[in-house]
Amino acid sequence: MTNNRTTDQRGRSASTPDLESSGDSWVSRYRGSSDLRDLRLPFRGYVEAFVEAMRAAGATVKINATYRPLERAYLMHWSWKINRNRISAKDVPAMAGVPISWEHCDAEGEYSDAKSVAAARDMVRGFEMQRLNVAPSLRSRHTVGCGIDMTISWSADLLIRDAYGELVEIDRMPRTGMNPQLHRVGASYGVIKYKRNGRDEPHWSDTGA
Amino acid sequence: MRVMMSAVLVTFCLGLSSVNAAEARLPVDVARYVEQREGCEHFRGEIPDPPDKQRMKEIEREIRKLCTGTDKKLQQLKRKYAKNQAVMQRLNEFEENIE
Numbered sequence: 006m007t008n009n010r011t012t013d014q015r016g017r018s019a020s021t022p023d024l025e026s027s028g029d030s031w032v033s034r035y036r037g038s039s040d041l042r043d044l045r046l047p048f049r050g051y052v053e054a055f056v057e058a059m060r061a062a063g064a065t066v067k068i069n070a071t072y073r074p075l076e077r078a079y080l081m082h083w084s085w086k087i088n089r090n091r092i093s094a095k096d097v098p099a100m101a102g103v104p105i106s107w108e109h110c111d112a113e114g115e116y117s118d119a120k121s122v123a124a125a126r127d128m129v130r131g132f133e134m135q136r137l138n139v140a141p142s143l144r145s146r147h148t149v150g151c152g153i154d155m156t157i158s159w160s161a162d163l164l165i166r167d168a169y170g171e172l173v174e175i176d177r178m179p180r181t182g183m184n185p186q187l188h189r190v191g192a193s194y195g196v197i198k199y200k201r202n203g204r205d206e207p208h209w210s211d212t213g214a
Numbered sequence: 071m072r073v074m075m076s077a078v079l080v081t082f083c084l085g086l087s088s089v090n091a092a093e094a095r096l097p098v099d100v101a102r103y104v105e106q107r108e109g110c111e112h113f114r115g116e117i118p119d120p121p122d123k124q125r126m127k128e129i130e131r132e133i134r135k136l137c138t139g140t141d142k143k144l145q146q147l148k149r150k151y152a153k154n155q156a157v158m159q160r161l162n163e164f165e166e167n168i169e
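Top to bottom, those sequences are chains G and H. Taken in order, the first sequence gives residues 6 to 214; the numbers are from the working numbering. Taken in order, the second sequence gives residues 71 to 169; the numbers are from the working numbering.
Source of the hints: derived by calculation from the structure; they are not laboratory data. Since we're looking at a predicted model, the values are computed, not measured. Where a beta carbon is used, it is the ideal one built from N, C-alpha and C, also for glycine. It is possible that part of the hints are untrue.
[As the list claims (entries may be wrong)] Covered by chain G, per the in silico footprint, the following chain H stretches (three or more residues, Cβ under 8 Å):
no., region
1, 98 to 105
2, 109 to 116
3, 145 to 155
[Stated by the list, open to error] BS3-like, lysine-lysine: derived pairs with alpha carbons at most 25 Å apart:
no., chain 1, residue 1, chain 2, residue 2
4, G, LYS67, G, LYS95
5, H, LYS123, G, LYS198
6, H, LYS148, H, LYS135
7, G, LYS198, H, LYS127
8, H, LYS143, H, LYS153
9, H, LYS143, G, LYS120
10, H, LYS123, H, LYS142
11, H, LYS153, H, LYS135
12, G, LYS67, H, LYS153
13, G, LYS95, G, LYS200
14, H, LYS123, G, LYS67
15, H, LYS135, G, LYS198
16, G, LYS198, H, LYS153
17, G, LYS120, G, LYS200
18, H, LYS150, G, LYS200
19, H, LYS153, G, LYS200
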């Protein structure tokens, strides 16, 4: 199923009355969150307790990202694919709750691939994904509210309470979220440091993915 | 709290061991691909929003390492193991043509 289209009098867009043409106006919608309250329970509770313990111990914790709506991931994914000519705007699947028409028409009311791609390019530019060499994914731990990106630092040895109530001294380097001693403390709360392939300094989740 | 956290860890470890066991049954080249592709999948979901230049550089670096050539490799493996249902099931979990 794809979103339907018609042509307006200027022949510029392909929206039906209930659909709005793709373009940079979509970039400001369905924004992601950096609020812990937008995480899914019970993970939210685990993160709140862990962050509270780090701050109580004197660490600085800056939350960069928590929840990303599926709608936002949809816009990022398909705008990238249309812009790179990996799919025709006519073939993009519709998403419930996202009244977007990816198709644009020319002055004669005919489908225009060039205009459709240009509108997608505007969105890619708005998301600042011009240099990205793969399509952003449609799903992640962030879209299910079970992933968090946070910048963590401290200046002296950290005495932190784990989820069992035990005081743990973190006396090894680095004094960042990449510290293995801190990873064990996080795991006691159910907040798992990213452990798949690659280096992702700020990312933690419910599974380590 | 202690009981709850123990349950969290046990559940997590059991889940992890069953995943590892399933992956261990895959041919070596497929298991290696799956491991790398899952890293690629992760970073595809980490595009900074709102945009953040420093974070984007980190993501692009990891994507170059983990995702480059992934479409071609996926096709090759699907051809090679076309008759192996277990392998195909695992490979079909990955989106094609992401590059």
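Now the hints, each set against the structure:
Counting residues of the region 98 to 105 of chain H whose C-beta sits closer than 8 Å to any C-beta of chain G gives 1, which falls short of three, so the coverage hint is violated. Residues of the region 109 to 116 of chain H lying with their CB closer than 8 Å to a CB of chain G number 8, which satisfies the three-residue condition for coverage. By the rule of at least three residues with a Cβ nearer than 8 Å to a Cβ of chain G, the coverage given for the region 145 to 155 of chain H is violated, with 0 such residues. Proposed proximity of LYS67(G) and LYS95(G) is contradicted: the alpha carbons are some 41 Å apart, above 25 Å.
For the given pair, LYS123(H) sits about 23 Å from LYS198(G) by alpha-carbon distance, which is consistent with the 25 Å threshold. Proposed proximity of LYS148(H) and LYS135(H) is supported: the alpha carbons are some 22 Å apart, at most 25 Å. Only pairs whose Cα atoms come within 25 Å are accepted, and LYS198(G) paired with LYS127(H) is accepted, the gap being roughly 20 Å. The hinted pair formed by LYS143(H) and LYS153(H) meets the criterion: a straight-line CA distance of about 17 Å does not exceed 25 Å.
Among the hinted pairs, LYS143(H) with LYS120(G) is inconsistent with the structure: their alpha-carbon atoms are about 33 Å apart, more than 25 Å. Between LYS123(H) and LYS142(H), the direct Cα distance comes to roughly 29 Å. Violation of the 25 Å bound is thereby established for this hinted pair. Restraint check: the Cα-Cα separation between LYS153(H) and LYS135(H) comes to about 30 Å, which exceeds 25 Å; the hinted pair is violated. This hinted pair does not check out: LYS67(G) and LYS153(H) have alpha carbons roughly 49 Å apart, beyond 25 Å.
Between the alpha carbons of LYS95(G) and LYS200(G) the distance comes to roughly 39 Å, so the proposed pair goes past 25 Å and is violated. Between LYS123(H) and LYS67(G) the alpha-carbon distance is near 17 Å, which keeps this suggested pair within the 25 Å criterion. Proximity of LYS135(H) to LYS198(G) is assessed by CA-CA distance (about 20 Å); at most 25 Å being required, the pair is judged to hold. A C-alpha spacing of about 37 Å is found between LYS198(G) and LYS153(H), which places the hinted pair above 25 Å, so the restraint is violated.
At roughly 42 Å between alpha-carbon atoms, LYS120(G) and LYS200(G) are farther apart than 25 Å, so this suggested pair is violated. As the CA atoms of LYS150(H) and LYS200(G) are separated by approximately 29 Å, the hinted pair breaks the 25 Å bound. This hinted pair does not check out: LYS153(H) and LYS200(G) have alpha carbons roughly 32 Å apart, beyond 25 Å.
Going through the hint list in order, the structure does not satisfy hints 1, 3, 4, 9, 10, 11, 12, 13, 16, 17, 18 and 19.
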